[in-house]
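*Asks:* One letter stands for each residue in the lines below.
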Amino acid sequence: MATKTITRADLSEAVYQKVGLSRTESAALVEMVLDQIADCLEQGEMVKLSSFGSFVVRPKGQRVGRNPKSGQEVPIPPRKVLVFKPSNILKGRINGEAVGEED
Amino acid sequence: MIKSELVGRVAAANPHLYQRDIENVVNAILDTISEALSHGDRVELRGFGAFSVKSRPARMGRNPRTGAHVSVSEKAVPFFKSGKEMRQRLNRESAS
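Protein chains in written order, with this note's numbering: chain A, 1 to 103; chain B, 1001 to 1096.
It is worth saying that the hints were derived from the structure and are not from the lab. The reader is advised that the hints may include incorrect statements.
Cross-link-like lysine-lysine pairs, in silico, DSS-like; alpha carbons within 25 Å at most [claimed, not checked]:
#1 B/Lys1054 with A/Lys4
#2 A/Lys48 with B/Lys1081
#3 A/Lys60 with B/Lys1075
#4 A/Lys91 with B/Lys1081
#5 A/Lys91 with B/Lys1075
#6 A/Lys91 with B/Lys1003
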């Protein structure tokens, strides 16, 4: 079973098929939706998409890292990271069809 | 921001479309991603991030209340890795 990689083009196509707007408009809307989510996260606000999951911005404190090649210690400055918490519905959906993998 | 607010914001930027259509657009996007992940496929959105599925091996767990051993079977979990541009956007303004 080859795994495919879905891209923006596939999302636009799905929107085009399911909603019935033009291809150009579908592509533009996919972009706008992603932009709105990114904008919101950039402000530090969390994005909750019911039955899908939520995106949360978490602050990470400063820590000491190490250059794996030279072994030299380098400080890693505090930063913000984005975490995705899948909803139980999404987790169930993924496992519901993966049952065939067992045994 | 929750889904209905996302729909509202996109609708506000597209006054020529019905809010209902925007709702369908958002649902189509999320459904397509979920559907792909349920087949074990990857979803890569450049600049935003990538969704993939990781498998967790079967393990012996314990019921925390009774301490009884229970076997937890293998399962798949969705995973999201933020894209480079997204990470840069989050850290653009140096926080205080």
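*Asks:* Taking the hints in turn, state whether each one holds.
*Replies:* Here is how each hint holds up against the structure:
{"no.": "1", "hint": "B/Lys1054 with A/Lys4", "result": "holds, 15 Å"}
{"no.": "2", "hint": "A/Lys48 with B/Lys1081", "result": "holds, 17 Å"}
{"no.": "3", "hint": "A/Lys60 with B/Lys1075", "result": "violated, 29 Å"}
{"no.": "4", "hint": "A/Lys91 with B/Lys1081", "result": "holds, 17 Å"}
{"no.": "5", "hint": "A/Lys91 with B/Lys1075", "result": "holds, 9 Å"}
{"no.": "6", "hint": "A/Lys91 with B/Lys1003", "result": "holds, 19 Å"}
In this structure, the one hint that does not hold is number 3.
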